[in-house]
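Knowing the structure of chain X, use the given hints to seat chain B on it.
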Amino acid sequence: MRLDRLFTLAFFLGPALLIVITFFFLPLLLTVYTSFTNMRNWNVDAYLFDIVGLYNYKVLVHFAKYDPMFRNALITTVVFVAVTLVVNVLGGLTLAILTFFLEERISIHYRLLWLLPRMTPVAVYSLLWYYFFHSDAIGTLNRILLLAGVIDKPINWGSYMLPLGTWWILIFVNGLVGVSFGMIVFYSAIRSIPWEYIAAARVDGASNLVIIRRIIVPMIRWHLLFVTVWQMLSLLTTYTHIFLLYEWGVVDRTWGQTWSLLVFNLAFLPVGELRQGLAAAAATVLVVIGAILGLVTLRILGFQRMITRPRGDI
Amino acid sequence: MSGNPLEEVVSGSISRRLKIVIALALLLAGSPIILTYGLLILSSFSTNMVTDPLLTDFQPTLDNWIMFLRGQITYATGGLERNVVEMTLVTLTVAVGVALTATLVSLLAAYSISRMEFKGRGVFTAGLIMLHAFPGVALIIGVYMIFRIIGDVLGVLGEEFYAIAYIILARAALEVPMAIWLFKGFFDKIPWELEWSALVDGASRVRVWWSILVPLVKPGIAAVLIFTFLAGWEEFIYFYVFLKPFGIDSLPTFIEEIVAAAENYQLTIIAAAGTFYLLPTIVFFVLTQRLLLEAYSGGLKG
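Read top to bottom, the protein sequences are chains X and B. All residue numbers for the first sequence refer to UniProt numbering, where the first residue is 1 and numbers rise by one. All residue numbers for the second sequence refer to UniProt numbering, where the first residue is 1 and numbers rise by one.
One or more of the hints may lead you astray.
Chain X regions said to be covered by chain B (calculated; three or more residues, Cβ under 8 Å) [to be verified]:
1. 19–27
2. 70–84
3. 123–137
4. 147–157
5. 275–282
6. 292–300
I should point out that these hints are in silico values taken from the structure, not numbers from a laboratory. In this text, a Cβ means the ideal position worked out from N, Cα and C, and glycines have one as well.
Chain X extracted, bound-state conformation:
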């Protein structure tokens, strides 16, 4: 009977455990381990056991102090995460509230529209903004401004008033993908507010703004907190869109690199030396931040409430 139960459990849980161990748990351990080795050029045979202690972390600190590439990456990360986070959370909240004020049959189209960037293949999505921010007159933004007579020759947006031009592009492109998450979560949270609250406020003569400030926002504060922490985590670790903008020269090379892209570039970019040990150390820093933010998210989600005992287990 016991063995039977074990087999059943293995049947259901086995594949998930296997995939989680192979592709989350082991890689994470390997990355942390690699950060203590001198691994470079993916030469696993030569460097797998070449342990150098905290050397990579010291190099990281040294570079962060003196190497402009590392320093800029740190500054860009802070600005990118902070500003995009505000855009995502406030933008998502604004979209949720505004679409909520419209009838469902109209509002659904808007909510769908904002989901489109999230669903688009990264290569195509980046391609769209590649054309939009193109530095020649072919770029849509340049074309619009030329037509409107605002500028008389095309602007290279990626290097315009460095680093502002580059940051603006990174924030814009990632912000458009990010707002939809907040919008969806907030919208469903708003819809679950008991309607009597708002009806009562209406009867008392409350204006729309008062209803938003005094009822809607306070009632969804946990969702606000959750989306903020979750998005912060996503922004810290996102790099695919940024990689393409960087590769294609849409953004400036010295300012268009966030910390997570730096990790990827150090490990994989086939230019110069590939230093996986150093990249792994930089990644480990992100892992620690990710673990902390992840725990905070769990707290916010009220995890204990969600994991009640299964019913009727026999």
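Relative to chain X, chain B alone:
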């Protein structure tokens, strides 16, 4: 209009003028999205790039599509040729593989989390959310090392079959935590009594899972299949890291490559390639609008 009373209270009590202002403001805010997608699609049917919102450059032609589908990516004679069919098949194989793997694995695991008590159940379920929180960059270095080590041991490093199988499993893994959470929610809502009598009559849990529960969560399965398919289809980094160095082309790396060297290629053909790659997304987008909003509000992806 069937109604959510809340919606009637709110929507019914604000003025028509305010609604029009809101609708216009939202349209304006969304215009870059409409504009860029529209221009890309139009450009793929034009002799030169359409970037002017007034569409003055638009000169209709089908040449870009013909050239792209033939794998010719430049107008110059003797220009580069690529096997578009092959790279589409590679991308499609990975997307379908990711969808099937992630859905099946999650459907199994979610059942045991929802219906069976075992040691470490709480930790495992909490751990799944934490996994989603771990940075993809931190993972990819380790994931690549495992790729090299397994490939070396088996002596199959650089072989097409191994690379594609590995990318399917590795990419599916990223979708598993959220899919398990989603299915768990579906299973939790099903009344326990439905399976109880079958279990008392002596049916095995596997049987109960397959013939009672799985049919009941069909809408959830459809949603997860679509989302995981799109996740595999839109993937870029894994194709770039695991397939490209071994000479296997896919749609995302192909687009990356031709844009990186754009001066040698016809931009409108790149627009056709981009539109082609966008097609499944648009098809699913149109076919599954409601599902899309519901699934996302269930927190399928962060």
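*Establish whether the coverage given for the region 19–27 of chain X by chain B is satisfied; the threshold is a Cβ-Cβ distance below 8 Å, and no fewer than three residues must meet it.*
That given contact holds, which follows from 7 residues of the region 19–27 of chain X lying within Cβ reach (below 8 Å) of chain B.
*asked:* Between the region 292–300 of chain X and chain B, are there enough contacts, at least three residues with CB-CB distance under 8 Å, for the coverage claim to hold?
replied: holds (count 5)
*Under a C-beta cut-off of less than 8 Å, do 3 or more residues of the region 147–157 of chain X approach chain B closely enough to confirm the stated coverage?*
violated (count 1)
*Go check the region 70–84 of chain X versus chain B for me, would you? Three or more residues, Cβ under 8 Å, otherwise it fails.*
violated (count 0)
_Outcome, coverage of the region 275–282 of chain X by chain B - at least 3 residues whose beta-carbon is closer than 8 Å to one in that chain_ = Holds, because 3 residues of the region 275–282 of chain X bring their Cβ atoms closer than 8 Å to Cβ atoms of chain B.
*Establish whether the coverage given for the region 123–137 of chain X by chain B is satisfied; the threshold is a Cβ-Cβ distance below 8 Å, and no fewer than three residues must meet it.*
As far as the region 123–137 of chain X goes, the hint holds, because 9 residues have Cβ atoms under 8 Å from chain B.
Hints 2, 4 from the list above are not met by this structure, while the remaining hints are.
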